[in-house]
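Asker: Chain P: place on chain X using the hints.
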Amino acid sequence: MKALTGSLSWEQRRKLTGLLFVLPTVLFVAVFFIIPLAMTGFMSFHDWPLIGEQSWIGTTNYSELANDRQFRKSLDFTFRYTLFVTPPIFILGFILASLVRHNIRFIGMFRAIFFMPVVIGLGVSSLLWVWMLDQRVGIFNKILLDLHLLDKPQLFLAKPSTAMNVIILSVVWKTVGFTMILLLAGLQSIPDELYESADVDGAGYFRKLFYITLPLMRRTIALALILSVIGSVLAFDQFYIITRGGPRNSTISIVYWIFNNSFVYWKLGYGSAMSIVLLTILMALTSIQYYVLREKE
Amino acid sequence: MIPVHDRQAGLGGLTQQQRRRLQQRALLSLKYLILTVLALLFLFPIAWSLINSLKLPSEALAVPPTYLPTQIVFDNYSELTNYGNYGVAGHVENSTIVALLTVVGSLVLSTLGGYGFARFNFPGKNALFIMVLSTLMIPFQSILIPLFVMLVRFELNDTLIGLALVYITFQLPFGIFLMRNSFLAVPKEIEEAALLDGCSSLSLLYRMMLRLVLPGIVTVAIYAFINSWNEFLAALIFMSDQDKFTLPVFLTLVRSGLWGTVDWGALQAGVIVAIFPCLVVFLLLQRYYINGLIGGAVNN
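For the record, the sequence lines run as chains X and P.
Sequential numbering of the first sequence, starting at -8, is according to our numbering.
Sequential numbering of the second sequence, starting at 55, is according to our numbering.
Next comes chain X alone, as it looks inside the complex (with noise of 0.2 Å):
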């Protein structure tokens, strides 16, 4: 190196170093993220099978997505699955936060409990449910039935309405230590003097907590709704693994339906044309959460 830049400035060969040390990120991302990115758009306009010749289609990938029913019953899944499970976790998120708020004794435990599934993999946790629910081996109908609160064991994956409902049990637990992780650093922000002259003007719980801590936390709050709903809107796994798309694939969500024309049909200019309207629905959820969370106070 010394040889190579023996003839530069001081101030050239900092430059020079600099550029060096992005390098090998720059072009990790360029090869493994930009170009991918532009050859989906790319590739949306081909019939692209996996052996055979790619042809250009022009926009034809994208009009046969229209008349595609089974993408229109996906996306309108995963709007449907994405409006059920935000606000449990959400909810839930807000009442394990305000519990672990202060320091009292053993508080680390209870907060490294609540948070313990987020690192679990989804798959592995869905391998985990899928079988707690299953009718014969299951826990849940064991329980159940020992309780008198079934009398014979029940399919929960054989209904829709059942099936959406066990999902969300399942990701809820998997998912919101993380939701809590987050409100919990929003509630601390907050300063107690704040709570304190609160209650010298004789304020109550909810007083404070419509006056106060929501007000406050907007920021906070939005980060983690907009995160929860991004994460839904790109469910896989649970769906693949724990209903594995039924009953009557009426659990398909759009990454699956993608994956599906592309990795098992290996339609990979239609799963193209898919992933960019994917895209532009991520694309206008984050712009959403930038623009929340630049308003500064």
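Everything labelled a hint here was simulated from the structure, so no lab data went into it.
Since the model is a prediction, treat every value here as computed from it, not as a measurement.
Fair warning: there could be bad hints in the mix.
[As the list claims (entries may be wrong)] Label pairs and their in silico Cβ distance ranges:
(1) 49(X) x 261(P): 53 to 61 Å
(2) 295(P) x 238(X): 51 to 59 Å
(3) 337(P) x 94(X): 12 to 20 Å
Cβ coordinates follow ideal geometry from the N, Cα and C atoms, glycine included.
Answerer: Just chain P now, kept in the frame of chain X:
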């Protein structure tokens, strides 16, 4: 004169102060009660899985299930070693290799890149930094098709290296962001003195800076490990050779009963094997993990 406690009516003649203290203690007990019940509910799935992995394989299949094992054995774990061509051990090895490659790769790249972005000025620096960070806005799920086509073209599909290369890229935006902040937090004077002494940039980074940004390094390493160990969708797509499956993908084969009827006991043994390293890493280093989460999420 009226005695104080007479003026404070209610609760058996206690003073207001005593009453409030009692009330607070009752509230605190109630809080601990709720926390304990919730904690047990949260622990239950993992504990239940662990208990069942230790049952006799025949008992793990019992309909209806038993609550507690009649005896504690490791048969489910040894059974799991017989699945596939080289059993669970081979897939633990696959996952470990991919995770280690991802950890080392993202550490080297984020440290170099974070240092470069934090301490040097060069043309196009801001544009490149924005390019790296902007990938945070794009879900990797939407670029998996071309990634697959590329890996096939370079004959990197069905290789652990190929999977690790993709995982490293997914880790980079977070890693660069975190390491850049870590380097920015180090006082400049420390470096300037060393640079004036004729120390080269790379040896300065290696000899002095790494120790000062250690918390950042630990955080990047934990995230790289846990995310690559757990990732499911990309691993499912890029690997078609069963022998190359990472642990989570291998376990879906156990679940689908590819090697005979679904062996629930062995599956739960596999779940425990997959969960264990993540829990250990988290419990030992949770401060770094949580700080990374808050720093990464809130500041992005």
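Asker: Please flag the earlier hints that this structure goes against, numbers listed from lowest up.
Answerer: 2
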